[in-house]
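Peer 1: Taken in sequence, the protein lines are chains A, B and C.
For the first sequence, position 232 (counting from the first letter as 1) is numbered 222 according to our numbering, and the numbering increases by one without interruption.
For the second sequence, position 183 (counting from the first letter as 1) is numbered 602 according to our numbering, and the numbering increases by one without interruption.
For the third sequence, position 141 (counting from the first letter as 1) is numbered 1233 according to our numbering, and the numbering increases by one without interruption.
The reader is advised that the hints may include incorrect statements.
Stated by the list, open to error - Subject to a maximum C-alpha distance of 30 Å in a straight line, what follows is the list of computed BS3-like cross-link-like pairs (lysine-lysine):
hint : chain 1 : residue 1 : chain 2 : residue 2
1    : C       : 1167      : C       : 1153
2    : A       : 59        : B       : 539
3    : B       : 504       : B       : 539
4    : A       : 170       : A       : 59
5    : A       : 146       : C       : 1125
6    : A       : 146       : A       : 170
Treat the hints as calculated values from the structure; they're not laboratory data.
It should be emphasised that the depicted structure is a prediction, and the values quoted were computed from it without experimental measurement.
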Amino acid sequence: MTENAAPTNMGSTITQVPNPEPGTVDMMVNMGPQHPATHGVFRMELRVDGEQIQDLVPHIGYLHRGSEKLCEHELYSQIITLFDRLDYVSNFNNELVIVSAVEKLMDVAPPPRAELIRIIMCEFNRIASHLLFYGTFAIDMGAITPLLYNFRDREKIQALFESVSGARMMHNYFRVGGVKEDVPDDFESRSLALCNELEHGIDETDRLLTGNEIFLERTSGIGVISGEDALDWGLSGSVLRASGVSYDVRVDEPYSRYDELDFGIPVGSAGDCWDRFYIRILEARESVSIIRQAIALMEPGDTMAKIRRIARPPAGEVYAHCENPRGDLGVYIVSEGGERPYRLKIRPPSFCNLQALRDLTVGHYIADAVVILGTLDIVLGEVDR
Amino acid sequence: MTSQGSSGGGNNPSNSGAKSTSSPVKRREPQVQRAAVALPPEGLVLAERLPERLATHKIEVGAAIDEVVCRVPADHLVDVCRQLKDDPTFGFDYLRLLTVVDYVDPDGEFEVVYHLYSMKHRHKMMVKIRLPERRPSISSVTGIWRGADWYEREMHDLFGVEFEGHPNLVPLVLPEDFDGFPGRKNYPLNDYEEW
Amino acid sequence: MSFTDIVFAFAGLFGLFFALAVGVLSLTWLERKTLARIQQRAGPSVVGPHGLLQPFADAMKLVTKEDIIPAYADKLLFWMAPAFVAVPAFLIWLAIPFGNNIAVRVMDLGLLYVVAISGIGVVGLLMGGWASSSRYSMLGGLRAAAQLVSYEIPIVIVILSIAVLVQSLSLDAVISGNTITIGEATRNLPGQGLIPFAFVMPMGFVIFFIAGLAELGRTPFDIHHAESEVVGGPFVEYSGAHWAVFFLAEYLNTFVISALIVVLFFGGWSWPSPPESIFGNELSGMTTNLMGGAWFIFKTYIVAVTIFWIRGTYPRLRIDQLMTFAWQVLIPLSFANFVLIAVVLFYDWPLWMMPMLSLPILIGAAIGVQKGRGVGGRPQTVRILRRSAGEIGRPMPNAPSSTQISGEGQAGD
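Whenever a hint applies, use it, and build me the whole structure from the sequences.
Peer 2: And the structure:
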């Protein structure tokens, strides 16, 4: 990694460093790839002195599927399916990135109704993803109940997704130039009712965790990263905003119809785990408000632009990105004018956020490493691609 | 090919002509339509200021749809990047993406693309360099943006591009004993070996 | 020791063993049901009515499972460790009174016995952790050692203050009171028939309850087998019957601590005693004892449910916070409690002085802890920026000095 991790001939593994004190030696602990707190197949190689982390080397790649290479051999419409499988808890947000990239390249605009449907779906997905985060984060800290509460609400969101796209996850619903089909008739009333339930659920989590003494003790001042460092590491999303940098693609480079909606961006200042957690609580509430506004804007109309069935964008290159629940998910497409991209590169927010793990954890305790990793909220499907 | 080619809505067909015809992708459309360029206001400002400020570095400035594209000679990369970050006019403090595009087949070249963003000015650009196929080697920018660390390691895995000065250029996404560079276009995809 | 004594001893032991086995199984079921209720799910519901047979199915599965021993494990210690944890947990029950002078072994030194035996369990955990030759087990075992030894101290001091209060180490005296003669004066020292000690020394009760949770390794002090950190700690390499023994020990300990809380602070079998107006005084000894025993078990289960409730509510502390809490908060408070009870008894103040004096200390300590590191110590660091308020959005850069740039942004090329 960087300056204080001296590169060795041993490759990526830490070498055993004898402690200057006589008779003691630091212990190596391998966390992962099978470990309940690594949220997937991720390995942390820890060098600990007692319980204190002296060094940490993250190892990724256990889930590497070569998605980018795979995309080069698929039609644009088939790539949407692959993008579903990147960050498998916020599928709609992923789909939005690839379709908006291709649309940007082709210079087509989806009908207004389709844009709003996309926004609603993405925001619901953001809430679902954040709900999952609260739960797993609480589990990381030993609180088992919030997960169940949040899964209850997430199920409702997924039922709505199922009624719209036919699938609970891996929706494959967005299309280049619109969405697959219009939403069901009772969509608006159902969404609004769901919004109320979600607000209640988010409040519940807030009450259960945010002010809890033990929760505060475990998260306050843990894993602090300054705004400059966060930018330096290329962090994004809630992790970056917790450090005081107000960067949200939805307002800074508005895409879709986000510029018509009024919503707040929670920005922290401490840059610690508590801020990263609480920002996500506030974000979910803002998402509820976005959904309400978007539903109010909805008007009947087409949901698909009149374009060719098989997208064939012109030659050129494009970088499009959207605000994922995990951060700034981008895609860089180099097109040669065919129906398949020449090169497709994903900017995975989890991947970038995970890079900073070592800086965040060294000096803390083993238990804190788990908490810090929890607040980075990685999805290994996206880290490894 | 695409960076300069795309600048200015297809007014530079000569630049990419050779590339297009020998492209490995069979193109069925007779005529290539170029993606239209629509730089946002701050992009226009940036496109104007870049050549002024970086005159000594032999850069070429173009555009791709809504981003300014700046082609830099490979040996000037670190200096240019350092200036892009430190110069308050640019203030590119955020490396969004670092990637390699493989143009090995026709041109024998790799292209390394850096997507930059400035939190202060809220403008963005791409920096591109070209590398020969024989010995693709480029200075690392980890000293400028630490976030380049894993990107460079990944690109080293997949494309075999050497990033000189990277502190720990070991395999990241591939197994340590993996042979070959699967990101490259000429990597055999259908040949499986029984194991 | 006569033959009948031996027969009774064995009968008592076997009876206790089966009773505890049933108790543990019921406790696992109760925990799962309680947690399920807290978490809005059904819990075990398939095996038997309301899932009541689920614990038996689990036990069967665990016992018939393959018992794996890691290749590099120290086999002898690995095999012995579960016994070192389970046997003390079982042995404590010998001294617990279920009724007036009814226990498997009525001891005059019951309190001392309980304290002594409960200290052994940590050896088993450390042994299991070391013998498994796994880093997680090792960490877990060391955590257990640090934690259990630290929290033993407040427990012992609180038990000591109870012993001072009743001037006896007998658990029966703790429940029914004691009469001592000093010189020529005879003093009736209070038992819990009328008023349980939880109200006499609330501070002692709170300390004992918290430290008891820590002794059990229950949330929020479950750091030595924290699943998300050390993946089960000392138990991580155990499987099958050996793991089942650890599991048994854990629930036995939960049961023990609940029973001790009831005995020491809630009057055991005696409080609240049935009003004389209903039963009169002519209750036969048998009926009273049966009722007292049932009452005692019932109260024990209520305390156990409280422990499960806490498990369903709180996150877990970190090792250093846990130790800090023991050494900086609980131990000083337990000493304060001890000094208070000594002072009250020495000057012969009425007993209600005790809660009067200790409650302010307790509340003060709670406020101090909260101020120092809790909500009070955390300023609000997150704010919401709004575009409608002009706080965010896309600031336009200054207009270029040379104005004209056409739509075609090429300059080089």
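Peer 1: Next step is simple, just say for each hint if it's right about the structure.
Peer 2: Cross-check of the supplied hints:
{"no.": "1", "hint": "C:1167 to C:1153", "result": "23 Å, holds"}
{"no.": "2", "hint": "A:59 to B:539", "result": "34 Å, violated"}
{"no.": "3", "hint": "B:504 to B:539", "result": "11 Å, holds"}
{"no.": "4", "hint": "A:170 to A:59", "result": "26 Å, holds"}
{"no.": "5", "hint": "A:146 to C:1125", "result": "24 Å, holds"}
{"no.": "6", "hint": "A:146 to A:170", "result": "22 Å, holds"}
When held up to the earlier numbered hints, the structure conflicts with hint 2 and nothing else.
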